[in-house]
Amino acid sequence: MIGEALDKRAKSKSPLSGVKVASFCWMAAGPLTARYLGMWGATVVRIESHTRPDLVRLQGPYRNGEPGVDNNAWFPTVNSSCYSASINIQTPKGKELAWKLIRWADVVASSFSPGQMEKWGLGYEEVRKVNPEVIYYRSSQLGASGPNKTRAGSGYEAAAMAGFTHISGWPDRGPVPYTGAYTDFISPRFGAAAILAALAYRRRTGKGQEIDESQAESASYLLAPVIMDYFANGRIYERQGNALPYASPHAFFPCKGDDCWCAIAVFSDTHWKDLCRIMGNPEWSRKEQYRNLLGRKQWEDEIYDLVAQWTRIRTAEEVESLLTASGIPASVVESTSYLMENDSHLKSRGFFRNIKHSVIGDHINRGPAFKFSRSEDCQFSGPALGEHNEYVFKELLGMTDEEMAEGIKEGGITTNADLPPMKGAF
Amino acid sequence: MNLSNDSGALSPYRVLDLTEGALALCGKLLADLGADVIKVEKPGGDTSRTIGPFYQDIPHSEKSLFWWAYNVNKRGITLDIETSDGQEILKKLVRTSDFLIESFPPGYLDALGLGFGSLASINPSIIVASITPYGQAGPKANNPWCDLTAWASCGAAYITGDIDRPPLCMGFIPQISAQAASELMTAILIAHYERELSNEGQHIDLSIQESGIGVLQATVEMWDLAKLDYKRSGDRWITTSGAARRLAFKCKDGYGILLQGGGGSVRMVRASQSLVEWMSECDMAPNWLKNFDWANEYDADTLSQETIDRVETCIEGFLLTRTKQEIYKEGWDRGIMIAPVKTMEDIASDEQLIARGFWQKIEHPELEASVTYCGPFVKMSETPLTSRRRPPLIGEHNLEIYAEEMQIPKETLAILKSSGAI
Numbered sequence: 008m009i010g011e012a013l014d015k016r017a018k019s020k021s022p023l024s025g026v027k028v029a030s031f032c033w034m035a036a037g038p039l040t041a042r043y044l045g046m047w048g049a050t051v052v053r054i055e056s057h058t059r060p061d062l063v064r065l066q067g068p069y070r071n072g073e074p075g076v077d078n079n080a081w082f083p084t085v086n087s088s089c090y091s092a093s094i095n096i097q098t099p100k101g102k103e104l105a106w107k108l109i110r111w112a113d114v115v116a117s118s119f120s121p122g123q124m125e126k127w128g129l130g131y132e133e134v135r136k137v138n139p140e141v142i143y144y145r146s147s148q149l150g151a152s153g154p155n156k157t158r159a160g161s162g163y164e165a166a167a168m169a170g171f172t173h174i175s176g177w178p179d180r181g182p183v184p185y186t187g188a189y190t191d192f193i194s195p196r197f198g199a200a201a202i203l204a205a206l207a208y209r210r211r212t213g214k215g216q217e218i219d220e221s222q223a224e225s226a227s228y229l230l231a232p233v234i235m236d237y238f239a240n241g242r243i244y245e246r247q248g249n250a251l252p253y254a255s256p257h258a259f260f261p262c263k264g265d266d267c268w269c270a271i272a273v274f275s276d277t278h279w280k281d282l283c284r285i286m287g288n289p290e291w292s293r294k295e296q297y298r299n300l301l302g303r304k305q306w307e308d309e310i311y312d313l314v315a316q317w318t319r320i321r322t323a324e325e326v327e328s329l330l331t332a333s334g335i336p337a338s339v340v341e342s343t344s345y346l347m348e349n350d351s352h353l354k355s356r357g358f359f360r361n362i363k364h365s366v367i368g369d370h371i372n373r374g375p376a377f378k379f380s381r382s383e384d385c386q387f388s389g390p391a392l393g394e395h396n397e398y399v400f401k402e403l404l405g406m407t408d409e410e411m412a413e414g415i416k417e418g419g420i421t422t423n424a425d426l427p428p429m430k431g432a433f
Numbered sequence: 069m070n071l072s073n074d075s076g077a078l079s080p081y082r083v084l085d086l087t088e089g090a091l092a093l094c095g096k097l098l099a100d101l102g103a104d105v106i107k108v109e110k111p112g113g114d115t116s117r118t119i120g121p122f123y124q125d126i127p128h129s130e131k132s133l134f135w136w137a138y139n140v141n142k143r144g145i146t147l148d149i150e151t152s153d154g155q156e157i158l159k160k161l162v163r164t165s166d167f168l169i170e171s172f173p174p175g176y177l178d179a180l181g182l183g184f185g186s187l188a189s190i191n192p193s194i195i196v197a198s199i200t201p202y203g204q205a206g207p208k209a210n211n212p213w214c215d216l217t218a219w220a221s222c223g224a225a226y227i228t229g230d231i232d233r234p235p236l237c238m239g240f241i242p243q244i245s246a247q248a249a250s251e252l253m254t255a256i257l258i259a260h261y262e263r264e265l266s267n268e269g270q271h272i273d274l275s276i277q278e279s280g281i282g283v284l285q286a287t288v289e290m291w292d293l294a295k296l297d298y299k300r301s302g303d304r305w306i307t308t309s310g311a312a313r314r315l316a317f318k319c320k321d322g323y324g325i326l327l328q329g330g331g332g333s334v335r336m337v338r339a340s341q342s343l344v345e346w347m348s349e350c351d352m353a354p355n356w357l358k359n360f361d362w363a364n365e366y367d368a369d370t371l372s373q374e375t376i377d378r379v380e381t382c383i384e385g386f387l388l389t390r391t392k393q394e395i396y397k398e399g400w401d402r403g404i405m406i407a408p409v410k411t412m413e414d415i416a417s418d419e420q421l422i423a424r425g426f427w428q429k430i431e432h433p434e435l436e437a438s439v440t441y442c443g444p445f446v447k448m449s450e451t452p453l454t455s456r457r458r459p460p461l462i463g464e465h466n467l468e469i470y471a472e473e474m475q476i477p478k479e480t481l482a483i484l485k486s487s488g489a490i
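The listed protein sequences correspond, in order, to chains S and C.
Per the numbering used here, the first sequence starts with residue 8, numbered consecutively.
Per the numbering used here, the second sequence starts with residue 69, numbered consecutively.
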């Protein structure tokens with residue numbers, strides 16, 4: 008069985024092998040948090056239901072363009088390295104199974120809006136009664152306390168609430184939100200660390216605890232200096248395109264080809280002199296007012312157009328290699344296809360991996376962004392819905408075939424027959 | 069294992085932090101979890117102390133809000149690790165430390181005899197975490213970089229912005245490097261969990277470029293399965309059918325973010341119906357919209373641009389008559405997936421953040437003032453995160469650490485100071 012083989016492998020070299028996680032997470036932020044644990048060896052069981060599939064399953068791209076809960080690649084990415092058990096918590100039998108997993112687990116994780124787990128009788132107070140050492144992690148848009156605790160929402164709204172949206176875009180236009188639910192990708196970096204810190208503490212003291220992450224709060228650390236600027240100086244930070252107060256030029260320049268660009272950042276007068284030299288010291292570059300940062304800031308737009316005349320007739324790769332060879336920060340603005348097909352650096356590091364998914368087959372996955380000198384990850388594909396029912400109920404929970412059959416009969420274990428008609432969500 | 073105080077999850081552990089700029093965020097977060105984090109600066113202080121904004125707009129290396137944000141809760145020493153005296157002191161510190169975090173160009177510490185191998189021979193259980201733009205090895209490993217190039221190299225810039233203008237990074241950077249620094253914290257604690265069983269340290273190699281790729285929504289998968297190269301589309305998200313849905317809507321006094329949808333999401337169908345009800349109550353919903361079938365006509369798999377445009381035109385008109393506060397209160401109370409686009413001013417007065425005690429004032433005695441910082445990044449019931457100290461002044465803890473804890477004689481310290489090692 009696939010699960011067994013993987014568990015053996017995990018036990019050999021994966022740093023978190025032996026850690027057991029019952030994941031009541033859904034959408035992106037919660038599963039991406041649990042993904043760290045699974046990818047590095049923990050046994051993560053994702054509890055989901057055919058009766059109300061995760062919205063990430065209702066989203067393209069689909070294999071061959073055919074919509075289907077198990078036929079897309081985004082779900083396996085977000086849920087990489089976890090097992091799927093299909094349980095309908097709304098039924099008494101399903102609740103019983105959820106409790107079995109809660110008793111089994113070291114970590115219970117949830118990303119439903121606060122109140123939902125309590126509604127199911129699975130709140131921290133109930134859970135700790137049967138599993139006193141549990142680490143109970145919950146992640147939500149605005150946190151599990153405070154006047155707005157029950158508000159549910161996605162990382163698009165959380166990014167707006169945390170200040171990212173307002174400051175992004177061009178000064179003469181409205182905000183341009185990040186392309187994606189920003190805080191869904193940021194908050195897991197904080198949440199996973201908190202769970203691991205709690206595990207370290209539990210190992211020392213035997214004590215579990217509750218962790219409450221507000222996705223808007225943890226992500227706001229990425230805006231800390233400008234938030235402090237408001238408190239200390241009353242300044243309200245506004246949109247400014249790609250400008251940075253202490254570098255100029257600091258922009259994406261057009262290059263040869265269709266929609267090709269190169270990032271260039273000039274932080275010092277030396278960078279500027281080198282850039283001028285590389286461009287062949289054109290007449291305009293000798294202008295006195297361009298020599299220092301203040302002048303270059305003042306004439307930023309004019310300089311952009313002049314430098315662009317030089318970049319436009321060169322490929323982005325050529326600009327990048329000429330500039331970086333002289334110590335000037337520069338990079339091709341990589342499209343997704345460029346990242347995956349043309350970036351020889353990423354290829355040399357083996358970042359993208361081909362992993363087999365039980366329904367869509369081999370497909371490209373993102374590996375971890377960090378490597379260890381001794382430990383290895385044990386990434387495997389995110390699951391099809393209910394793919395690991397046998398493994399979870401029989402191997403992990405020790406149930407018999409008869410008990411499983413009863414679970415299905417009583418609606419506690421859901422199957423494909425319980426799926427609503429397929430309709431896309433995003 | 070330095071402190072007897074065990075109130076924080078990581079209280080027994082010591083971290084040497086040799087990172088610069090926003091990469092210093094990792095150490096700050098570990099300090100919040102209780103670790104004793106010692107920021108090691110070069111004599112004269114970090115270069116990122118010169119980055120604004122500054123407290124009361126006074127440009128001064130002891131007043132950088134940028135530096136404070138990423139270094140609060142740490143202790144600070146100065147040390148020139150390019151001198152042999154400095155290297156000896158660092159090695160001594162490594163003996164009593166559990167983690168060392170660094171962001172030098174790959175090979176720099178090796179050249180000084182301070183690479184992972186040398187440090188592990190001094191302290192076999194040390195975890196050395198390196199964070200660099202492209203990782204420790206590979207053709208671009210030593211390329212010069214900054215956050216703007218990180219936006220470019222991880223694919224985030226290409227898909228962000230308006231199509232008639234150049235790509236965009238977020239309006240305040242560093243972002244990609246700061247989020248990578250927070251990811252490094254997770255990597256460090258994974259290695260730590262393993263170390264508690266094996267007693268062996270290891271080297272962590274985190275690539276900021278790769279960390280940034282983790283922030284891309286489904287664009288990698290779109291290329292993988294559909295050979296679709298996602299293009300920037302302003303404030304719109306390209307849905308499964310290929311049609312574009314608007315996210316940002318102008319309102320009376322600013323903007324709102326609205327997740328309008330339906331199809332297979334029961335929650336979004338309800339949210340959209342609630343929005344239409346609200347519009348109807350204000351006499352701003354046309355009849356066809358009142359009877360709109362959100363589950364079937366707004367199925368993201370088959371949704372047409374024409375349908376989206378028709379719906380959005382009505383919503384645009386309606387939201388123009390609402391304020392951010394109405395969106396925040398009434399919009400959300402009605403179950404609509406909507407949020408005000410908050411400015412820093414709105415955030416500072418946000419009732420939820422205030423109620424949760426997210427803003428924490430820390431005394432800066434030498435300024436005779438307290439400064440407001442972001443508070444705990446998570447709430448932990450047994451081991452609450454604490455703000456224990458303001459950011460260190462340059463070399464503030466030299467005496468405390470060198471003389472008191474390491475027992476270096478004061479006469480020796482005087483020599484080291486004049487030689488420029490500390």
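The set of hints was computed from the structure by calculation and includes no laboratory data.
Even for Gly, the Cβ is constructed at its ideal location relative to N, Cα and C.
Take the hints with a grain of salt, since some may be wrong.
[As the list claims (entries may be wrong)] Here's a subset of chain S near chain C, in silico, CB distances under 10 angstroms, partners left out: (1) R70; (2) N71; (3) G72; (4) Y144; (5) A151; (6) G153; (7) T172; (8) V183; (9) D191; (10) T212; (11) M235; (12) Y297; (13) L353; (14) S382; (15) T407.
Taking the hints in turn, this is what the structure says about them:
{"no.": "1", "hint": "R70", "result": "holds (6 angstroms)"}
{"no.": "2", "hint": "N71", "result": "holds (9 angstroms)"}
{"no.": "3", "hint": "G72", "result": "holds (7 angstroms)"}
{"no.": "4", "hint": "Y144", "result": "holds (9 angstroms)"}
{"no.": "5", "hint": "A151", "result": "holds (8 angstroms)"}
{"no.": "6", "hint": "G153", "result": "holds (4 angstroms)"}
{"no.": "7", "hint": "T172", "result": "holds (5 angstroms)"}
{"no.": "8", "hint": "V183", "result": "holds (5 angstroms)"}
{"no.": "9", "hint": "D191", "result": "holds (8 angstroms)"}
{"no.": "10", "hint": "T212", "result": "holds (7 angstroms)"}
{"no.": "11", "hint": "M235", "result": "holds (4 angstroms)"}
{"no.": "12", "hint": "Y297", "result": "violated (20 angstroms)"}
{"no.": "13", "hint": "L353", "result": "holds (7 angstroms)"}
{"no.": "14", "hint": "S382", "result": "holds (6 angstroms)"}
{"no.": "15", "hint": "T407", "result": "violated (33 angstroms)"}
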